[in-house]
Each structure stands twice: as C-alpha cells, then as structure tokens.
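K.L.:
Those protein sequence lines, which keep their order, are chains A and B. To convert, count from 1 in the first sequence and add 37; that's the numbering used here. To convert, count from 1 in the second sequence and add 37; that's the numbering used here.
Heads up, some of the hints might be wrong.
Because identical chains share one entry, a pair is satisfied inside a single copy or across any pair of copies.
Pairs of lysine to any residue residues, derived as SDA-like cross-links and limited to a Cα-Cα distance of at most 25 Å, are as follows [as the list claims (entries may be wrong)]: (1) Lys159 / Asp112; (2) Lys78 / Glu197; (3) Lys193 / Leu211; (4) Lys78 / Leu163; (5) Lys159 / His134; (6) Lys159 / Phe93; (7) Lys159 / Glu47; (8) Lys78 / Pro177; (9) Lys78 / Thr97; (10) Lys193 / Gly69; (11) Lys193 / Phe225; (12) Lys193 / Val176; (13) Lys159 / Ala148; (14) Lys193 / Arg213; (15) Lys193 / Arg143; (16) Lys193 / Gly160; (17) Lys193 / Ile146; (18) Lys193 / Val67.
If you're looking for bench data, these hints aren't it; they were derived computationally from the structure. The structure presented is a predicted model; accordingly, all values stated were derived computationally and were not measured.
There are 2 protein chains.
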Amino acid sequence: MARWQPNAPERLALAALELFEERGYENTTVIGIAERAGLTKSTFFRHFPDKREVLFGSGTMTDLLVGGIATAPPDVPPLEVVAHALEVIGREAFPAHRREFAARRRAVIAAHPDLREREALKGIGLTAALIEALENRGVPTLTARVTAELSALAWKIAYERWSAPTNTDEFGPLARRTLTEVRIAAEFRG
Amino acid sequence: MARWQPNAPERLALAALELFEERGYENTTVIGIAERAGLTKSTFFRHFPDKREVLFGSGTMTDLLVGGIATAPPDVPPLEVVAHALEVIGREAFPAHRREFAARRRAVIAAHPDLREREALKGIGLTAALIEALENRGVPTLTARVTAELSALAWKIAYERWSAPTNTDEFGPLARRTLTEVRIAAEFRG
Chain A
38 MARWQPNAPE RLALAALELF EERGYENTTV IGIAERAGLT KSTFFRHFPD KREVLFGSGT
98 MTDLLVGGIA TAPPDVPPLE VVAHALEVIG REAFPAHRRE FAARRRAVIA AHPDLREREA
158 LKGIGLTAAL IEALENRGVP TLTARVTAEL SALAWKIAYE RWSAPTNTDE FGPLARRTLT
218 EVRIAAEFRG
Chain B
38 MARWQPNAPE RLALAALELF EERGYENTTV IGIAERAGLT KSTFFRHFPD KREVLFGSGT
98 MTDLLVGGIA TAPPDVPPLE VVAHALEVIG REAFPAHRRE FAARRRAVIA AHPDLREREA
158 LKGIGLTAAL IEALENRGVP TLTARVTAEL SALAWKIAYE RWSAPTNTDE FGPLARRTLT
218 EVRIAAEFRG
C-alpha cells in the first residue's frame, strides 16, 4: 500500500504542465509525470484516468459549482445565483497565486487538439451540472438552459481575463462584471 | 480507381445507423458499414475519417451555416441573421422525409458515449464557425459570442422538436419560433 501523498493531484498537474511545456504533450508519459512529481504511476491513476485528464482537476470544479449554486441566497435571479457560485469558485480554486499556473495551463491546452477537446467536453459537463443545479432551485428548464449557456460563456471570458499577465483583479468580482456584460449583450435591444 | 458512387455519404450513414441499431456501435466495423451500403472500405474513408464520424455529415452543415449567414439580408439584427441561416439549413438538410432518420439517429447517439462526445465537439465547431461568420458581417465580438451560444441552444432544442414523432412542422419555422423563445428567456426581466 502506498502511503498518503499530500497534494498529489496538484503536484501531478504541475509536473505534467512542466513536461508538456518542455517536451510537448505527445512526448510525455504518465510514468514521466509521476516521476517528475516524486510519485508513482499507481498514485497517478488513483487521481486521473489518463494523461489527457491531468490538467482538469478531479471533479472538484463540478462540486464547487453545484455547492455554490445550492448555497446562493433564496429568491435571487438566476444570473445572481451563478455570480454567487463563481465567487465561491474564485475563492476556493482560483486564488491570486494560481494566476501564473493558469496562464501556462491555458497556453499548453491551446497548443494541443487532444487537450482542447478534453477542455471542451469538461465545459459541456459543467454546463449540464449547472442546468441541473438551477432546476433543483426551481428555475424553469428553458431559463436554466439559457442561464447555463450564458454563464459558461461569461466564465470562459472571465478565466481568460483573470489569467492574463497584466491582470491584478480577483476572479470573483471579475466574473460578476463579465456576467453583467454578457447579460447586457443578450438583451438585443437598440 | 473506384467509380463515382452517387449519394455515398448518405448510403453509408443509413447503413451505419441500421448496424448501430441492430448490433450496437461497438460491434459494428467500418467494413461492415461499407458492405451493408454496397460500397468499399476505401469509399468509406474518402468520406469519413473514422466510424465515429459517419453520422455527422462531412462538413456540409458548417458550409450551409456559413453560407446562410453570409446571404442573410443586410442590416438585420444578429438573431434574425441566424433565423435566416436556420431556414436555409432546414430546406437543404432537414426536409420532412428525413425526420424519421433524424429521430433514429438521435436515439443511437444518445445510447453511446463516443457518439455523444463527437456530437458535442461538432456543436462546438459549429458555434465557432457561427461566431466567425457573424464577425465577418461586422457583429461585435461579444454580441457574436452571445448570439452563437443562444443560437446553438435554440438549434438543439428545435432539432429535438422537429425530429419528435408527433411533429409535423418544418424545421425552418420551428427554429425561428424556438429562437424567439430563447431570446425572451434571455431577457431576465420581471
């Protein structure tokens, strides 16, 4: 039995990022990632099903999102519910000291089709979880679907802005402002 | 040299659909699909890169979408541009006699994760093409992104409605009504 390894997923993600940058995604193996992190292959597979998955957490983001939706104040409009959830995600998953990691991660994902594909599918999974969490609060289905698509777009734009080298804003307030911009763009008036 | 085969993509798609229904997706091979269609394996690979792709046309939908956006009347709002493109798609790709095929296709895709994944990625590719086509008409980037996400949602809902067994409406008008419903749901007022 391997002993418990503190922060194994984070260490594996950082090791993978370094190797993807140094050697490219294709030339990096799961064993290479585990070795760089000072861990074993079996520890890797306890946390991730394959190499493609290592930069995409391990269910954490869905849990944070669903938890953030569930704990938003009652009787607020759907986009305000999402703003609350994105503030929770900002505090828990995107602290300021992760900005540099996020920027490098974005560059590596953009450079490889397998990783872009995995990111796209993760986004679809998060959108589906968001629709369900909103419906569980009593939001009608069509409103939940529209809210989820617009929120996924705002989240993506806010993450790009947050991880930009010149940014100094925190993720939560930045996401809230982006949601407002998207809501206004969706009004199609004037 | 194989001689030209009329409607080869459609024949291959129908053969694949039958085999996926009869044997399951996993138990169907490219050779099996080609044989059922009365064609060769090399004809298959001239039209599709792999088995997963056979139910997803061969670029036709993107061409119809981009063409429909480009030929919409000038100076109409972005969602009206999309409504025009969806009418073109309805006429060219979703005639009434394809409804039964579409319903069977939806059921087969829903039943297999590989096919659901491929459909999701196709949707993302279409959304990206839609954003670019709208920007080419001078629509500002954020408006183009919001329009594309809402249009992709309306398209998906309209396709579900169109291929439902009880439906008798044509795709174009149905898509236009669905776009209006989605636009109203995105107003977040009252």
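K.L.:
A separate judgement is required for each hint: does it hold in the structure or not?
P.N.:
To see whether the hints hold, each was checked on the structure:
| no. | hint | in the structure |
| --- | --- | --- |
| 1 | Lys159 / Asp112 | neither (29 Å within a copy, 37 Å between copies) |
| 2 | Lys78 / Glu197 | neither (32 Å within a copy, 44 Å between copies) |
| 3 | Lys193 / Leu211 | within (11 Å within a copy, 30 Å between copies) |
| 4 | Lys78 / Leu163 | neither (28 Å within a copy, 38 Å between copies) |
| 5 | Lys159 / His134 | within (23 Å within a copy, 35 Å between copies) |
| 6 | Lys159 / Phe93 | both (8 Å within a copy, 21 Å between copies) |
| 7 | Lys159 / Glu47 | within (18 Å within a copy, 31 Å between copies) |
| 8 | Lys78 / Pro177 | neither (45 Å within a copy, 48 Å between copies) |
| 9 | Lys78 / Thr97 | within (21 Å within a copy, 44 Å between copies) |
| 10 | Lys193 / Gly69 | neither (30 Å within a copy, 42 Å between copies) |
| 11 | Lys193 / Phe225 | both (21 Å within a copy, 21 Å between copies) |
| 12 | Lys193 / Val176 | both (23 Å within a copy, 20 Å between copies) |
| 13 | Lys159 / Ala148 | both (17 Å within a copy, 19 Å between copies) |
| 14 | Lys193 / Arg213 | within (12 Å within a copy, 28 Å between copies) |
| 15 | Lys193 / Arg143 | within (11 Å within a copy, 29 Å between copies) |
| 16 | Lys193 / Gly160 | both (9 Å within a copy, 17 Å between copies) |
| 17 | Lys193 / Ile146 | within (14 Å within a copy, 27 Å between copies) |
| 18 | Lys193 / Val67 | neither (28 Å within a copy, 38 Å between copies) |
Against the hints set out earlier in the document, violations occur for numbers 1, 2, 4, 8, 10, 18.
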